[in-house]
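**Q** The primary structure of each chain is shown beneath.
There are 2 protein chains.
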Amino acid sequence: MAKDDRKPRRPRAETPRGFRDWFGPDVLARDAMLGAITEVYRRYGFDPLESSAIETVEALGKFLPDVDRPNEGVFAFQDDDETWLALRYDLTAPLARVYAQHQRDLPTPYRRYAVGPVWRNEKPGPGRFRQFTQCDADTVGAASVAADAEICAMLADALEAAGIARGDYLIRVNNRKVLNGVLEAIGLGDPEADAHARGVVSRSVDKLDKLGPEGVRLLLGEGRKDESGDFTKGAGLAPDRIELIMGFLDARRDDAAATCAALRDLVGHTGVGAEGVAELEEIAALLDAQSYGPERVVIDPSVVRGLGYYTGPVYEAELTFEILDDKGRKRQFGSVAGGGRYDDLVKRFTGQSTPATGVSIGVDRLLAALREKGRLAEAAQGPVVVCVMDRARMAQAQTICAELRREGIRAEVFLGGGNMGRQLKYADKRQSPVAVIEGEDETARGVLQLKDLRLGALLAQSIESNEAWKAQPAQLEIPRAELVAQVRAMLARRYDGAA
Amino acid sequence: MAKDDRKPRRPRAETPRGFRDWFGPDVLARDAMLGAITEVYRRYGFDPLESSAIETVEALGKFLPDVDRPNEGVFAFQDDDETWLALRYDLTAPLARVYAQHQRDLPTPYRRYAVGPVWRNEKPGPGRFRQFTQCDADTVGAASVAADAEICAMLADALEAAGIARGDYLIRVNNRKVLNGVLEAIGLGDPEADAHARGVVSRSVDKLDKLGPEGVRLLLGEGRKDESGDFTKGAGLAPDRIELIMGFLDARRDDAAATCAALRDLVGHTGVGAEGVAELEEIAALLDAQSYGPERVVIDPSVVRGLGYYTGPVYEAELTFEILDDKGRKRQFGSVAGGGRYDDLVKRFTGQSTPATGVSIGVDRLLAALREKGRLAEAAQGPVVVCVMDRARMAQAQTICAELRREGIRAEVFLGGGNMGRQLKYADKRQSPVAVIEGEDETARGVLQLKDLRLGALLAQSIESNEAWKAQPAQLEIPRAELVAQVRAMLARRYDGAA
Numbered sequence: 001m002a003k004d005d006r007k008p009r010r011p012r013a014e015t016p017r018g019f020r021d022w023f024g025p026d027v028l029a030r031d032a033m034l035g036a037i038t039e040v041y042r043r044y045g046f047d048p049l050e051s052s053a054i055e056t057v058e059a060l061g062k063f064l065p066d067v068d069r070p071n072e073g074v075f076a077f078q079d080d081d082e083t084w085l086a087l088r089y090d091l092t093a094p095l096a097r098v099y100a101q102h103q104r105d106l107p108t109p110y111r112r113y114a115v116g117p118v119w120r121n122e123k124p125g126p127g128r129f130r131q132f133t134q135c136d137a138d139t140v141g142a143a144s145v146a147a148d149a150e151i152c153a154m155l156a157d158a159l160e161a162a163g164i165a166r167g168d169y170l171i172r173v174n175n176r177k178v179l180n181g182v183l184e185a186i187g188l189g190d191p192e193a194d195a196h197a198r199g200v201v202s203r204s205v206d207k208l209d210k211l212g213p214e215g216v217r218l219l220l221g222e223g224r225k226d227e228s229g230d231f232t233k234g235a236g237l238a239p240d241r242i243e244l245i246m247g248f249l250d251a252r253r254d255d256a257a258a259t260c261a262a263l264r265d266l267v268g269h270t271g272v273g274a275e276g277v278a279e280l281e282e283i284a285a286l287l288d289a290q291s292y293g294p295e296r297v298v299i300d301p302s303v304v305r306g307l308g309y310y311t312g313p314v315y316e317a318e319l320t321f322e323i324l325d326d327k328g329r330k331r332q333f334g335s336v337a338g339g340g341r342y343d344d345l346v347k348r349f350t351g352q353s354t355p356a357t358g359v360s361i362g363v364d365r366l367l368a369a370l371r372e373k374g375r376l377a378e379a380a381q382g383p384v385v386v387c388v389m390d391r392a393r394m395a396q397a398q399t400i401c402a403e404l405r406r407e408g409i410r411a412e413v414f415l416g417g418g419n420m421g422r423q424l425k426y427a428d429k430r431q432s433p434v435a436v437i438e439g440e441d442e443t444a445r446g447v448l449q450l451k452d453l454r455l456g457a458l459l460a461q462s463i464e465s466n467e468a469w470k471a472q473p474a475q476l477e478i479p480r481a482e483l484v485a486q487v488r489a490m491l492a493r494r495y496d497g498a499a
Numbered sequence: 001m002a003k004d005d006r007k008p009r010r011p012r013a014e015t016p017r018g019f020r021d022w023f024g025p026d027v028l029a030r031d032a033m034l035g036a037i038t039e040v041y042r043r044y045g046f047d048p049l050e051s052s053a054i055e056t057v058e059a060l061g062k063f064l065p066d067v068d069r070p071n072e073g074v075f076a077f078q079d080d081d082e083t084w085l086a087l088r089y090d091l092t093a094p095l096a097r098v099y100a101q102h103q104r105d106l107p108t109p110y111r112r113y114a115v116g117p118v119w120r121n122e123k124p125g126p127g128r129f130r131q132f133t134q135c136d137a138d139t140v141g142a143a144s145v146a147a148d149a150e151i152c153a154m155l156a157d158a159l160e161a162a163g164i165a166r167g168d169y170l171i172r173v174n175n176r177k178v179l180n181g182v183l184e185a186i187g188l189g190d191p192e193a194d195a196h197a198r199g200v201v202s203r204s205v206d207k208l209d210k211l212g213p214e215g216v217r218l219l220l221g222e223g224r225k226d227e228s229g230d231f232t233k234g235a236g237l238a239p240d241r242i243e244l245i246m247g248f249l250d251a252r253r254d255d256a257a258a259t260c261a262a263l264r265d266l267v268g269h270t271g272v273g274a275e276g277v278a279e280l281e282e283i284a285a286l287l288d289a290q291s292y293g294p295e296r297v298v299i300d301p302s303v304v305r306g307l308g309y310y311t312g313p314v315y316e317a318e319l320t321f322e323i324l325d326d327k328g329r330k331r332q333f334g335s336v337a338g339g340g341r342y343d344d345l346v347k348r349f350t351g352q353s354t355p356a357t358g359v360s361i362g363v364d365r366l367l368a369a370l371r372e373k374g375r376l377a378e379a380a381q382g383p384v385v386v387c388v389m390d391r392a393r394m395a396q397a398q399t400i401c402a403e404l405r406r407e408g409i410r411a412e413v414f415l416g417g418g419n420m421g422r423q424l425k426y427a428d429k430r431q432s433p434v435a436v437i438e439g440e441d442e443t444a445r446g447v448l449q450l451k452d453l454r455l456g457a458l459l460a461q462s463i464e465s466n467e468a469w470k471a472q473p474a475q476l477e478i479p480r481a482e483l484v485a486q487v488r489a490m491l492a493r494r495y496d497g498a499a
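Chains as they are written, first to last, in my numbering: chain A, 1 to 499; chain B, 1 to 499.
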């Protein structure tokens, strides 16, 4: 009985663990950035695709539900008909499924872009969320590395359109085939027989950014003890082989021709290595012809993208300006986008090899970079707020709003309860530039009061007074008929030098 | 052993049951429509909110996971820490959670709009998907029906901005309180003691659109046998009570004043009914003052929105033009948006009553209506396609594209393999207006060939020849230096009268 007496507990008003909500200015800034990027994508002939957020687990492929932990890596659940479904964890796996499914109706090559949320069932951390937005562009069905070169050029244009200045970013291009040539050169040429050793080498090389050359050297040799004292067993390679790999990672020279020459010296005697170098030369030549020079795109063998599914050129866009990290140390902002060629994803479905290449922009990171550089689209100004002196005057207040909106001016009435002070406080929270006040007395005299809230805020800050501002009245009585013109004039006042 | 010999089965390339993919033109048309609508929302002072797609099941509230069928109605799954999570099934429940959670940081009243996917774990059917887009606007924290009137005016503006002409839509407004007054008048005034009977009456009345007055009359009385012979037991009301309810549903008169007078006659003697009528009068007066007359918004007691959580004014936008249904019969297009006041949703979390009102637009239905009326933003034209005569000429082809794009012209090179015929077929699939052809001979002579593909297509249709078109050459040799100007001129040719 005691149980029945208890009131039902109220649900907690909480975003689930690892998720977040986006509010007005952040949504607008992100959408403005994505709008600029997708406009570039469209100009390159890419078409939008919005696939379903839910895929069958078998189509996603990488993650298989296991009875005990069906949610490993993805958010998975079983449909009524027993099919395992999951929220997509990226936009590439769904593209492969869509292309395999709709191939006949799509042009070949198929250029598509996609913007949307993806979900990862991972442990959340600071700045690490379980839902985030990706912005991808891919070309499916084009074997030529001209498709890779095009994506690199487009990525450069997209970053600049988003607000990253030329000189503040660099697109670095490498080729998995060259790494495979290196593996062949050190006697690990068989993808199957040498799978384990190749994996250890690839993972070691991929830690270059994190551990530096010395750390990678240790991992390729005997092994490495980290700061906590934990020991990671190394690949156990002989010193000359380690030097060959380190030479590969360090092969970037002053220009693409010199870099490619250095790579050819290292791996030119292997079939796959020579092919990889030739592809890099072709990409460099194509970009050069379009004036994407080394200030925007470079060949850089130290780029080794983590994902296993790349089969040819890989590329990464990094922002080269410095920021202060959590501990106040200067560091480069780092990677905001990456991608490459993955020729085997569609084959999973169709059995036929289908060349594909594409890039994914980390939307949140790029947004953070723009914020860092002060290049976010300025948070849109709040609306004009029309104050309501008493409830009986609501119709007049709404009519004033309607007039302003009809002229394209963002406007709202105060719909809450409260006196003038409370209404102006609300207007302040809304970052409203102008308040319109209309009471019984004003109506009788055919006038309105306009309050310049931006000027009011500046004057209230008691910063050094600026005579030019003070010359403008913070409150103004205007004839009712001049509403739109006078509000426009007040909105046009400029206080740029302020604060 | 036999099992191990089997090759792994290829995954099926299929959208999961009840889901769909959206391709280029549909995505662009929908986004253009949503852009027009949200611009209106913003002009009314509404701010965007993007809440997480996943909520805790307890926050969603309506659907509780049961051990046997955790997915009843929603897609639900358990987090590592045992919390039940689910994909949101609408945008209103998340708003209530967000407002309860962030109340202190948000202005009050809080006007927000939201656009995004929602998921329903329901049986899919023709045109019924398990993921679809909603577009909502709500005002939280405003008790005044001025907020409801504002939403109705904004909905009218939004529909017109989306492309629905005035006269092709009608927003119908009713008030739950008036229905509650009717229930009180027939002796079912106690929400708790009479809960069952009130539920039967509400559900019967809600079937007016589907069954017509006679069907509702039967359901309110003894019961009704449907076409298949199945019998639904009725509410068993006495004839005079049934007439009172039918009188309420039929109380719409020529104008708002007359309708409100009729309603007052029916329920004016009950407290809640009188309050409801007064609110409708106030809404009508507010809209009238802003010139939203009966050609756009009417008071109509026959609107009874299904959802149980409405507590005051309810409204519905219906498109009044006729379309042909599946069986070729004419019928009104019907409802594309609806909403109302729900004063109790936030209270679930906070314990404090929080007034709220809002509307949800059925994005897919409105898009279908615009398609029906031929008012979709014209499917964007395909890109200019630059043909590649041989692989060695790729750099020149990409450079031509880069030049066009720099001038804002959408352009792409053909990246596939194949002869000129195949390339032009590709251009055709891309709905490309212009093809650029540049071979060795052209380069030597410093020229390019431009093909007008739209004219080519028209001529190929052998429709009645149009001398004005024929006067323009379908293929043109131009100096290389005139690329941009000549492509622009060809894009500017008009073939409006065609096909």
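No wet-lab data here; the hints were simulated from the structure. Misleading hints may appear alongside valid ones.
[Stated by the list, open to error] Among chain B residues calculated to face chain A with C-beta under 10 Å, some are:
#, residue
1, 54
2, 100
3, 150
4, 185
5, 309
6, 440
7, 457
8, 459
9, 495
[To be verified] Simulated restraints, written as ranges between beta carbons of each label pair:
#, chain 1, residue 1, chain 2, residue 2, range
10, B, 372, A, 372, 39 to 49 Å
11, B, 261, A, 476, 18 to 28 Å
12, A, 461, B, 80, 29 to 39 Å
13, A, 443, B, 243, 30 to 40 Å
14, A, 102, B, 403, 40 to 50 Å
15, B, 403, A, 425, 50 to 60 Å
16, B, 417, A, 258, 51 to 61 Å
For clarity, every value in this text was computed on a predicted model and none was experimentally measured. Each residue gets a CB set at the ideal place from its N, CA and C atoms; glycine is no exception.
**Q** All the hints need checking, so say for each whether the structure fits it.
**A** Status of each hint after checking the structure:
1. 54: holds, 6 Å
2. 100: holds, 4 Å
3. 150: Where the cut-off is 10 Å and the nearest Cβ of chain A is about 7 Å from residue 150/B, the hint holds.
4. 185: With a minimum Cβ separation of about 29 Å from chain A (threshold 10 Å), the hint on residue 185/B is violated.
5. 309: violated, 15 Å
6. 440: violated, 16 Å
7. 457: Since the shortest Cβ distance to chain A is 16 Å, the answer is violated.
8. 459: violated, 23 Å
9. 495: violated, 22 Å
10. 372/B to 372/A: 39 to 49 Å: holds, 48 Å
11. 261/B to 476/A: 18 to 28 Å: Given range 18 to 28 Å: violated, Cβ gap about 44 Å.
12. 461/A to 80/B: 29 to 39 Å: Violated: the Cβ-Cβ distance is about 49 Å, outside 29 to 39 Å.
13. 443/A to 243/B: 30 to 40 Å: Since residue 443/A and residue 243/B have Cβ atoms about 46 Å apart, the given range 30 to 40 Å is violated.
14. 102/A to 403/B: 40 to 50 Å: violated, 32 Å
15. 403/B to 425/A: 50 to 60 Å: At roughly 55 Å between Cβ atoms, residue 425/A and residue 403/B fall inside 50 to 60 Å, so the hint holds.
16. 417/B to 258/A: 51 to 61 Å: At 32 Å between Cβs, range violated.
The earlier numbered hints that this structure contradicts are 4, 5, 6, 7, 8, 9, 11, 12, 13, 14 and 16.
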